[in-house]
Amino acid sequence: MDLATLRKLCSNFRNDLLFPRFPRPNFPMRSSRLLIGSVALLAACTSKESGPAVSGAPSGGTLIFSLAGDAVSLFPPSVVDATGRLVQDQIFDRLAEIGPDLVTVGDKGFSPRLAQKWTWAPDSMSIAFSIDPRARWHDGKPVTASDVRFSLKIVKDSAFASPVAPVITNLDSVHVRDSLTAVVWFKKHTPEQFYDVAYQLVIIPEHVYGGIPADQMRTAPAASAPIGSGRFRFVRWVPGTRLELIADTNNYRGRAKLDRIIITPTAAATAQTQLLTGQSDLGENLPLDRLSELDTSSVARGMLLPNFAYLFMGMNPYDAKNKTSPHAIFGDVRTRRALSMAVDRVAMLKNVFGDKGHLSHGPFPFGVGFGDTTLHLPPYDTTTAKTMLDSSGWRVGAGGMRAKNGRPLRFSLIVNQSQPRRQYAVLIQEQLRRIGAQVDIDQTDQNTMVARANKHDFDAILYAFNTDPSPSGLLQNWGTAGMGADGQNILRYSNKRVDALLDSAAASFDGAKMKSYVSQAFQAIVDDAPAVFLYDLTVVYGVNRRITLAPMRADEWWANLADWSIPPDKRIPRDRIGLTPAKP
Amino acid sequence: MTGRVPRSGSLASRLLRRPAARWSLVVIALLVLAAVVGPPLWKYSPTEQPNIVGLKNAPPSHAHPFGTDAVSRDLLSRVLSGARISLGISALAVALAVTVGTAYGLVAGYVGGRLDTSMMRILDAFLSIPRVLLLIALATLWKPMPFWEVAILIGATGWLGVSRLVRAETLAMRHATFVEAAQALGASTPRTLWRHILPNIAAPVIVFATLAVGNVILLESGLSYLGAGTSPPTASWGAIFYDGMDSSSSAWWVLLFPGMAILVTVLAFNTLGDALRDVLDPRGSPTTR
Amino acid sequence: MYRRLVARLGQSIVVAFIVATIAFFVVRDAPGDPFSYEARSLSPGVREQLRKQFGYDQPVLIQYLRYLSNVARGNFGWSFTKGTFVSAALAEAIPRTLLLASVALALSFAIGVALGVMQAARGGWFDRVSSGILLFFYSLPDFWGALMILTVFTSWWQLFPAGNIVDPTLHEYMPPWGAFVDRVKHLVLPVASLTILSLAGVARYQRAAMLEVLPSEFIRAARAKGVSERALVWRHALRNAATPMVTILGLMLPAFLGGTVFIEKVFSWPGLGSLATGAVEGRDYDLVTATIVVGAVIVLIGNLLADLLHAAIDPRVRE
Numbered sequence: 000m001d002l003a004t005l006r007k008l009c010s011n012f013r014n015d016l017l018f019p020r021f022p023r024p025n026f027p028m029r030s031s032r033l034l035i036g037s038v039a040l041l042a043a044c045t046s047k048e049s050g051p052a053v054s055g056a057p058s059g060g061t062l063i064f065s066l067a068g069d070a071v072s073l074f075p076p077s078v079v080d081a082t083g084r085l086v087q088d089q090i091f092d093r094l095a096e097i098g099p100d101l102v103t104v105g106d107k108g109f110s111p112r113l114a115q116k117w118t119w120a121p122d123s124m125s126i127a128f129s130i131d132p133r134a135r136w137h138d139g140k141p142v143t144a145s146d147v148r149f150s151l152k153i154v155k156d157s158a159f160a161s162p163v164a165p166v167i168t169n170l171d172s173v174h175v176r177d178s179l180t181a182v183v184w185f186k187k188h189t190p191e192q193f194y195d196v197a198y199q200l201v202i203i204p205e206h207v208y209g210g211i212p213a214d215q216m217r218t219a220p221a222a223s224a225p226i227g228s229g230r231f232r233f234v235r236w237v238p239g240t241r242l243e244l245i246a247d248t249n250n251y252r253g254r255a256k257l258d259r260i261i262i263t264p265t266a267a268a269t270a271q272t273q274l275l276t277g278q279s280d281l282g283e284n285l286p287l288d289r290l291s292e293l294d295t296s297s298v299a300r301g302m303l304l305p306n307f308a309y310l311f312m313g314m315n316p317y318d319a320k321n322k323t324s325p326h327a328i329f330g331d332v333r334t335r336r337a338l339s340m341a342v343d344r345v346a347m348l349k350n351v352f353g354d355k356g357h358l359s360h361g362p363f364p365f366g367v368g369f370g371d372t373t374l375h376l377p378p379y380d381t382t383t384a385k386t387m388l389d390s391s392g393w394r395v396g397a398g399g400m401r402a403k404n405g406r407p408l409r410f411s412l413i414v415n416q417s418q419p420r421r422q423y424a425v426l427i428q429e430q431l432r433r434i435g436a437q438v439d440i441d442q443t444d445q446n447t448m449v450a451r452a453n454k455h456d457f458d459a460i461l462y463a464f465n466t467d468p469s470p471s472g473l474l475q476n477w478g479t480a481g482m483g484a485d486g487q488n489i490l491r492y493s494n495k496r497v498d499a500l501l502d503s504a505a506a507s508f509d510g511a512k513m514k515s516y517v518s519q520a521f522q523a524i525v526d527d528a529p530a531v532f533l534y535d536l537t538v539v540y541g542v543n544r545r546i547t548l549a550p551m552r553a554d555e556w557w558a559n560l561a562d563w564s565i566p567p568d569k570r571i572p573r574d575r576i577g578l579t580p581a582k583p
Numbered sequence: 000m001t002g003r004v005p006r007s008g009s010l011a012s013r014l015l016r017r018p019a020a021r022w023s024l025v026v027i028a029l030l031v032l033a034a035v036v037g038p039p040l041w042k043y044s045p046t047e048q049p050n051i052v053g054l055k056n057a058p059p060s061h062a063h064p065f066g067t068d069a070v071s072r073d074l075l076s077r078v079l080s081g082a083r084i085s086l087g088i089s090a091l092a093v094a095l096a097v098t099v100g101t102a103y104g105l106v107a108g109y110v111g112g113r114l115d116t117s118m119m120r121i122l123d124a125f126l127s128i129p130r131v132l133l134l135i136a137l138a139t140l141w142k143p144m145p146f147w148e149v150a151i152l153i154g155a156t157g158w159l160g161v162s163r164l165v166r167a168e169t170l171a172m173r174h175a176t177f178v179e180a181a182q183a184l185g186a187s188t189p190r191t192l193w194r195h196i197l198p199n200i201a202a203p204v205i206v207f208a209t210l211a212v213g214n215v216i217l218l219e220s221g222l223s224y225l226g227a228g229t230s231p232p233t234a235s236w237g238a239i240f241y242d243g244m245d246s247s248s249s250a251w252w253v254l255l256f257p258g259m260a261i262l263v264t265v266l267a268f269n270t271l272g273d274a275l276r277d278v279l280d281p282r283g284s285p286t287t288r
Numbered sequence: 000m001y002r003r004l005v006a007r008l009g010q011s012i013v014v015a016f017i018v019a020t021i022a023f024f025v026v027r028d029a030p031g032d033p034f035s036y037e038a039r040s041l042s043p044g045v046r047e048q049l050r051k052q053f054g055y056d057q058p059v060l061i062q063y064l065r066y067l068s069n070v071a072r073g074n075f076g077w078s079f080t081k082g083t084f085v086s087a088a089l090a091e092a093i094p095r096t097l098l099l100a101s102v103a104l105a106l107s108f109a110i111g112v113a114l115g116v117m118q119a120a121r122g123g124w125f126d127r128v129s130s131g132i133l134l135f136f137y138s139l140p141d142f143w144g145a146l147m148i149l150t151v152f153t154s155w156w157q158l159f160p161a162g163n164i165v166d167p168t169l170h171e172y173m174p175p176w177g178a179f180v181d182r183v184k185h186l187v188l189p190v191a192s193l194t195i196l197s198l199a200g201v202a203r204y205q206r207a208a209m210l211e212v213l214p215s216e217f218i219r220a221a222r223a224k225g226v227s228e229r230a231l232v233w234r235h236a237l238r239n240a241a242t243p244m245v246t247i248l249g250l251m252l253p254a255f256l257g258g259t260v261f262i263e264k265v266f267s268w269p270g271l272g273s274l275a276t277g278a279v280e281g282r283d284y285d286l287v288t289a290t291i292v293v294g295a296v297i298v299l300i301g302n303l304l305a306d307l308l309h310a311a312i313d314p315r316v317r318e
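Line by line, the protein sequences give chains V, C and R. Residue 583 is where the first sequence ends in numbering that gives the first Met the number 0, and the numbering goes up by one at each step. Residue 288 is where the second sequence ends in numbering that gives the first Met the number 0, and the numbering goes up by one at each step. Residue 318 is where the third sequence ends in numbering that gives the first Met the number 0, and the numbering goes up by one at each step.
With the rest of the complex left out, here is chain V (with noise of 0.2 Å):
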């Protein structure tokens, strides 16, 4: 028998014997029996158990997650993605984590992770981390310092165009001092530094990944099937249908207590159906019409998270075909700022999300640290937006539609599958109709739309940014710097002052300083209206009433999914099935 198989008798036959499934007929005869081999039994288990003993219940668990879309990379460096980053953060660990109020200046707050201590050098420009001697990658080997100069230099590898390149400028390089010392260097001593190293630097092997040549890193097959260090490690992973994680049970802190988590890309009424029913632990963007019948149900809850993101109207200055010359329509500031001002924001919102919908009020999120309300948008005011679309050229012909040199007021709206952004699109194009501007929308699957945004194929497009807890994150999409090949500018807005006003807010040390910094920034990018700021994405998930649920970050909710439990009064059948993974 080996060790495998007798791990799984073991804790299949421990959860037997403490919680049976049903009652046993002849329980007397059994009984003893079942004590003396259980006496025995345990006794070998105890003992074959390894990694540091969990506190508290036993672990265990298969949960399932339906989720709105399916990984486009698992692999850190090239990981964008709302599922990827889900994924990433449970197989990858950083070296310290942030703290659940995301402090990101200094390093109060932030916790432990593969380095178990640091040191600052006097002067700031360098931090020594200790890696933890315990920290095994999930092959075994150990993790050391020549892995986190590695994960550093792939990140900063132009061959291999890291969409986080741009947001760790500051770090310069990392040297190994000894196998479990790597000193980090930094260019400048910024508020920031710390987190720019903690939060945006995710370590993985160099023993696996240091062969492949950075420009066919991506689509290696070891990048598809990852080797980290977290608490959950990879089982596999069939594009479009399941994603399987497992506890890692000799992780240096602590397994999981769950055993499982299976990840399933759904659509948003298949996904509530199926939580509702019991078939599913966990579905991603629900139908906000039906979240009554989430707070009735016994089997699951609802819950709005927010999630760091916001959606906009963003409208592409440069002609989709021809990159390099002004847009017909959306090359002209006046034109987008009229545009934006013949939408009724307010009443979209209520439409849409009835009272559980957060406006947005520029290019950040509800709950974000940095925000700032009170900045000034263009208001709703259709005779204006008439006016100054006249004095433009676009004069209104007959059919009631514009027109200017011949070219109608006419562009396409790009939009996914996602419900209210397709509710959103048929309200604007009903809105901009009675301005006289014709919207054709163009509904296409989530990759076809990334995929067009970042090729900046788009008249306009319904797009949703995601942001950092920091504001150096607004670089990678408001800044110069992100229009690189893999940047997220996907609408290619560059404004100097921008720049020079989001720089200066990330060296400044006063966080008065840096949040007018900012909000000047913010104002600047209004002014500029690339995009009409709609809403915030405030998600509804729904969630399995058994689980318990760990603190939820306000930036990702699943921080602490391998602190996620199930009490062993509530398991279900799939619960049970232990540790072994199925066979391929």
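It should be emphasised that the hints constitute simulated quantities derived from the structure, not laboratory data. Errors might be hidden in some of the hints.
What the hints assert, rightly or not - Facing chain R, a subset of chain C residues (Cβ under 10 Å, in silico): (1) F125; (2) L126; (3) I128; (4) R130; (5) V131; (6) A138; (7) R163; (8) A227; (9) F240; (10) G258; (11) L262; (12) L266; (13) F268; (14) R276.
What you are looking at is a predicted structure, and each value in this text was computed from that prediction instead of being measured. Just so it is clear, CB atoms sit at the ideal spot from N, CA and C, and this is done for glycine as well.
Following the hints, complete the assembly by docking chains C and R onto the known chain V.
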């Protein structure tokens, strides 16, 4: 002499003797009337969103007999205007299919021989492709499409069935006595086709066309359900159904009324088609979709 | 009969190639650049290999010829929405659609034929009422009917799982018998929907065919000879009406596969139809082309089998 077999009573009277045919004709007449009259019948425009805050998903009421949808559009107006679009698409598609298909089938059946074989080979190729697969491929790749393009696409994939039918009938007719008589008398090929053969194959074609209208409506609404049909705000019944899918769990009316519209219309056309077949073409083989 | 079979086979292959041609040009002609979004899932080595095999940068005619030779060898290209070769994606999806379609086809034919025969034989109120019900189902939009079945049996009465082919997450952890039951449970509703919506058509045709045969002379002769009404209907008349039914079977196949597309969408059945709708949504041109060709090939094979059946039933055909 055109070779028509005399029947008892006029077509209309024989048709109207059947109660099923009567009610289907009434329904169709009402629908066509609604489609033709158009805008004066609609209290609201089909795209108008009168009150997106207050009238979202309002249940049927006096002001809105069919209720409103998620963006406060009046469903009754939408369904009525949808008659125009759905029937319009069907009429266009069927007209196109019948015209092209009849021409193709006449030529193949009359000329026969090598031309016929090769024409039929190509036809077989097109016919093997499941129509829905081809349509969704074409409709999505060319998206967004105005509604008349959808009609042409559906018609362009539908003429194959007609031509097969027409060819079979033409083949049978080719050697009929009256045709040979006409040819002996010096009638040219086009004249033969037009005056002699065509009227006699008209009956099964008419039956086919009637059934096809219903079928096209189903096909178009199916395409819209898959997201491959007309683009918003064009509101065919299928598109109205598709728009209602998101609210359907709380607002039963957004699916019921367009669905019923489709059902009743297709039922009417199918009933009429059956009745026409019984009257015009009693010996005819059942036509396929 | 062999010669006939071989001839039909040859014709089918020709037709298949014509379909491949149609698919190729139809898809290439669509607006948009077919290969602009393939970057993510392709490693440079594979991309180069495909470029050589399909000649993406060559003139259209060369591409077409390369494409034909590739298709003949079973290489349909790369699907970037699925991240695998198209043939791999197809190999997964086709058996699932065949399972669904063949079970539904068999059931709808069995029930439809029986219904049609009973309608023709009995007539009267049974005929009228059942014809009405069948006409109702014939006129009902497929997707609405399937949606209602889904809602009733998965939401109102939670009897069956709400879609998919097996439990997407836990199927592999089930014991063999449980896994089998899981498969069956997931099969019931899609098959039921497809059957109900198709058997109306079958019953109508069978009824008409029977009505044609029943008054004919040989039936009257047999009746005069004293053959029981039951044997008359179910053996003699049915035999003769079977021939047009087999023809209808072949003709119905494309429409049947089309109907499967809607059912697969409603029930999230990951077969050929879902593959096709996903492919067009994601502008996955190679996959779209392939689904059209494969759909046609399935129909051609079905027609061939129907032909064989026809020959088996009707001795007149066999010479």
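Hint by hint, here is what the structure shows:
The closest approach between the C-beta of F125 (chain C) and any C-beta of chain R is roughly 7 Å, which is under the 10 Å cut-off, so the hint is satisfied. At a threshold of 10 Å, the smallest CB-CB gap from L126 (chain C) to chain R is about 7 Å, leaving the interface hint in force. For I128 (chain C), the interface hint holds, since its Cβ comes within 10 Å of a Cβ in chain R; the closest pair sits about 5 Å apart. Residue-level restraint check for R130 (chain C) holds (minimum Cβ-Cβ distance to chain R is 5 Å; threshold 10 Å).
Because the beta carbon of V131 (chain C) sits about 3 Å from the nearest beta carbon in chain R, less than 10 Å, this interface hint is met. Evaluation of the A138 (chain C) hint against chain R yields a held restraint, the C-beta minimum of about 8 Å falling below 10 Å. The beta carbon of R163 (chain C) comes within 9 Å of a beta carbon in chain R, closer than 10 Å, and the hint placing it at the interface holds. Given the 10 Å rule on beta carbons, the hint for A227 (chain C) holds: about 7 Å separates it from the nearest Cβ of chain R.
The beta carbon of F240 (chain C) is positioned within 10 Å of a beta carbon in chain R (closest approach about 7 Å), and the interface hint is therefore held. Annotation: G258 (chain C) was flagged as interfacial toward chain R, and the flag holds, the nearest CB pair being 5 Å apart, inside 10 Å. The closest approach between the C-beta of L262 (chain C) and any C-beta of chain R is roughly 6 Å, which is under the 10 Å cut-off, so the hint is satisfied. The beta carbon of L266 (chain C) is positioned within 10 Å of a beta carbon in chain R (closest approach about 4 Å), and the interface hint is therefore held.
At a threshold of 10 Å, the smallest CB-CB gap from F268 (chain C) to chain R is about 8 Å, leaving the interface hint in force. This hint holds: R276 (chain C) has a C-beta 9 Å from the nearest C-beta of chain R, less than the 10 Å allowed.
The structure meets every hint from the earlier list without exception.
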